[in-house]
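Participant: If you read the sequences in order, they're chains A and B.
Heads up: the first sequence at position 130 corresponds to 130 in this note's numbering, and the numbers run straight through without jumps.
Position in the second sequence (first residue = 1) + 302 = this note's numbering.
Don't take each hint at face value.
Derived list of chain A stretches under chain B, where covered just means 3 residues or more per stretch with a C-beta under 8 Å from a C-beta of chain B [said to hold, decoys possible]:
(1) 106-112
(2) 235-245
Mimicking DSSO-like on lysine-lysine, the simulated pairs with C-alpha atoms at most 27 Å apart in a straight line are [as the list claims (entries may be wrong)]:
(3) K162(A) to K32(A)
(4) K282(A) to K468(B)
(5) K279(A) to K585(B)
(6) K282(A) to K589(B)
(7) K146(A) to K197(A)
Read the hints as simulated data drawn from the structure, not as lab findings.
Bear in mind the structure is a predicted one, so any value in this text is a computation, not a measurement.
Ideal Cβ placement from N, Cα and C applies to all residues, glycine included.
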Amino acid sequence: MKTDVHDCALAAAERSVRELIEAGASNRILRKEYLCDTVVLFELDNPLVARSARAGEFVVVRPALQGERIPLTISDADPKRGTITIIFQIVGRTTMELARLEQGECVPDVCGPLGKPTEIENFGTALCVGGGVGIAFLRPITKALKLAGNDVLTILGARERKLLILENEMRAISDELFLTTDDGSYARKGLVTDVVKELLESDTKIDIVFAIGPMPMMKAVADVTRPFGIKTMVSLDPIMIDGTGMCGGCRVTVGGKTQFTCVDGPDFDAHEVDWGEIKSRKSYYLEEERVAKEMLAKEANR
Amino acid sequence: MSRVKPREPMPQQPPAERIKNFYEVALGYTEEQAVSEAKRCLACKKKPCISGCPVMIEIPEFLALTAEGKFLEAAASLKRNNSLPAICGRVCPQEEQCEVVCVLEKTGQPVAIGRIERFVADYEAAHSNGSIVPYDGPNDPTLAQYHVAIVGSGPAGLTVAGDLAKMGYSVSIFEALHNTGGVLRYGIPEFRLPRDILDREVDYVRSLGVKIFTNVVIGKTVTIEEMLCGGYEAVFVGTGAGAPQMMRIPGENLNGVLSGNEWLTRINLMRANRFPDYHTPLKSPTKVAVIGAGNTAMDCTRTALRVGAEEVTIVYRRSRTEMPARAEEIENAEHEGVKFKLLTNPVRFIGDENGWLVGMECIKMELGEPDDSGRRRPVPIPGSEFIIDVDTAIIAIGQTPNPLIRSTTSGLETTRWGGIVIDEKTGMTSIPGLFAGGDAVTGAATVITAMGAGRIAAQGIDRYIREKHGLPLPEPEETLDG
Ligand SMILES: Cc1cc2nc3c(=O)[nH]c(=O)nc-3n(C[C@H](O)[C@H](O)[C@H](O)COP(=O)(O)OP(=O)(O)OC[C@H]3O[C@@H](n4cnc5c(N)ncnc54)[C@H](O)[C@@H]3O)c2cc1C
Ligand SMILES: Cc1cc2nc3c(=O)[nH]c(=O)nc-3n(C[C@H](O)[C@H](O)[C@H](O)COP(=O)(O)OP(=O)(O)OC[C@H]3O[C@@H](n4cnc5c(N)ncnc54)[C@H](O)[C@@H]3O)c2cc1C
Ligand code: SF4
Ligand code: SF4
Ligand code: FES
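With the rest of the complex left out, here is chain A (with noise of 0.2 Å):
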């Protein structure tokens, strides 16, 4: 991804800025892909978000009129095509209609870039630890921190081989890449920590660990990592709406502290969150969820 542009004679050279902005964004979907049965990838043509994202950004969408806004991961840019990656997992009603739209069709409403741009420097040896659809996430950090010098060891896991998605993308931007899954129905059998506890164990050297993925799986990153005093960066995915640092509802505590993971994050040192806030706070509308997602399906079958 692209570093800063905020220099006047870059911005210059390009295009005018004027004429860029205001051919707006078609947000077409270029490509669409379904990375296993319930994670799909469309590239979207958005050169204006292509060309300011930087790792650990994500853009709020919104797949019809009526439709509620989401925060997703830019999963990559392309600021020559002018086009914008993003990869998400199907679980309740707004992703299932976003899943619905087809190649060609366009995504009413997406804005970004948004979020605090991951920390990136050459830490030494990094560790990229990402689960599920996470992975996605995962990519673009993954990606600046080899492009800034860092030696990258990558740790992937899913429940089972059909939901590993992004590996071999992964593969080409790590030094050394470890797969498991939970059933062993490919690589290794276990989880993402046991790789990361026999890393931390041996002789090899760690400076920093990225981890992302379930809420669950980077709490335990956390807690094997703590011990070893190696400092633990997650992607924090609370119920967001404007994602502008308007609303305050993507509040999490950090280190004490009250934090709006919209403007603040959404990444922040795994050794100071609250994670039990985290999680009551993002079960708060499950039965309307619920009831959206019936409401969907009824629909689907009529």
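Chain A is fixed; fit chain B with the ligands onto it per the hints.
Facilitator: Below, chain B with the ligands without anything else, positioned relative to chain A:
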């Protein structure tokens, strides 16, 4: 003074009825009522009322035209100074602005300027399809080669955009959300400001040739610097004061504790009250406490009633006289059954074992010495703690400017609390070509002050661009402060 004819009362939906719907509470004057109320104006020579209006509407003139039944002419008079009269007639705090300086105020019955303004604007909309203020294109079409960017589509941004487009500039608005209007859309509920009125005003600005781009977050999608050196002669920042203040007391992140902005955004912008037809969910509340007593707090209480809450209470640490909301809104809330626990402050939110709000511990307060704001400072009474049962608590204690623009624009001077510093005469910030106005400058204020700031900035921008390109300066217009 002889006996004064009392003000025409505003017809309203009865409270028991209106708390079951989101339709407008105030129904508006009939023609007869508007004429009769306008006739109460004494046509004072000194026109004191005008000084109370931030955009200096020719109040006695439009009232006289109304009194004669010349409603369209009255509208034309209004629109010379205020392009959004249907909105201002509804949401201006008239009792602190134009009406407080009306000579009849002394009798307790000032002319109902706002209500008449509303009537005239609505009349025009219904009877003239917008032709009353004839707009036959920009004043100076050669100015179209100069492009101006407006950040934010609230009342400040819409005003600057409209004024500059009329002069002849090419104007584009960039809005972070997926819809326009700023607080007018996501904050003020539709029972105070119906959405078709807002849409009509935004369409009017579009009809002047202004382009509006939503889903663009300035500071992130593109920066101010990039815009200023990438094709725009000037940029106006009207980003409002949208960042909610929290209480910083224990339990604030429990499920069921929301900021006023989240509550209102879910309902007004996302229409969560119509879930599941609209897809953003809302938890139906039963017992609601709203903390604070400003306009935002009143709007939160009244929307809570309309989504079915059984009991809604304002919890406010000062007394009734200090409540910052408009008197009319406090009264409306009261009539609708909102309870007031004054001189009371929450100290902690109480949750169950799953992290859901079940109660709120409060402490009683008394008023002590005056503080910086001149209001008597509330101090807690030791040992007076008590617990109220609530399942939803909405924190509406104020908003500050969003830090996004200031943190991504180097060289931009701001105040200690994050407001953008401007030259009051031109609206220009510490960066040449960058202008600002509205809540982003003043902190949370009013719709009409944001519009007033927008008018000043539009003139400042015009002058700046003309000077930069050696164009003749415009005729010195009447300035807004006389
Ligand atoms: C910064 C960030 C980046 C994210 N990136 C990705 C990504 O790249 N790929 C991906 O698959 N998912 C990502 N997510 C999660 C994604 O936003 C949710 O899966 C999505 O909102 C679910 O919506 P739904 O209506 O389909 O499901 P629902 O049935 O509504 O909800 C399922 C679960 O998703 C979460 N959720 C619901 N509504 C929201 C909301 N408005 N905002 C955030 N979370 C919500 C809740 O935990 C809920 O329990 C990200 C979340 C955040 C905060
Ligand atoms: C609930 C509530 C009730 C109120 N009631 C009244 C009332 O009855 N009467 C009254 O006079 N006043 C009232 N006010 C105050 C009034 O609404 C505001 O003073 C006024 O809207 C300020 O206008 P503005 O244009 O400065 O900003 P806003 O209306 O806040 O608009 C700012 C816009 O900028 C957008 N934006 C922010 N950052 C960016 C960015 N980086 N890039 C792009 N876009 C951005 C925002 O999304 C928003 O749309 C109320 C306020 C609230 C919150
Ligand atoms: S715009 Fe507001 S302050 Fe001015 S006359 Fe109308 S109601 Fe009064
Ligand atoms: S001060 Fe009151 S009575 Fe006098 S002109 Fe103004 S509105 Fe009319
Ligand atoms: S999502 Fe609204 S403040 Fe973060």
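Participant: Mind taking a look at whether chain B covers the segment 235-245 of chain A? Criterion is 3 or more residues with CB to CB distance under 8 Å.
Facilitator: holds (count 4)
Participant: Tell me if the straight-line CA distance from K279(A) to K585(B) falls inside 27 Å.
Facilitator: holds, 18 Å
Participant: Taken at face value, is the distance from the CA of K589(B) to the CA of K282(A) at most 27 Å?
Facilitator: holds, 22 Å
Participant: For the pair supplied as a hint, K282(A) and K468(B), confirm whether the alpha-carbon distance does not exceed 27 Å.
Facilitator: Distance ~48 Å between K282(A) and K468(B) Cα, so the pair is violated.
Participant: For the pair supplied as a hint, K146(A) and K197(A), is the alpha-carbon distance within the 27 Å limit?
Facilitator: Distance ~22 Å between K146(A) and K197(A) Cα, so the pair holds.
Participant: Taken at face value, is the distance from the CA of K32(A) to the CA of K162(A) at most 27 Å?
Facilitator: holds, 18 Å
Participant: Given that the segment 106-112 of chain A was listed as covered by chain B, double-check it with a C-beta distance under 8 Å for 3 or more residues.
Facilitator: holds (count 5)
When the structure is compared with the earlier hints, a violation turns up for hint 4 alone.
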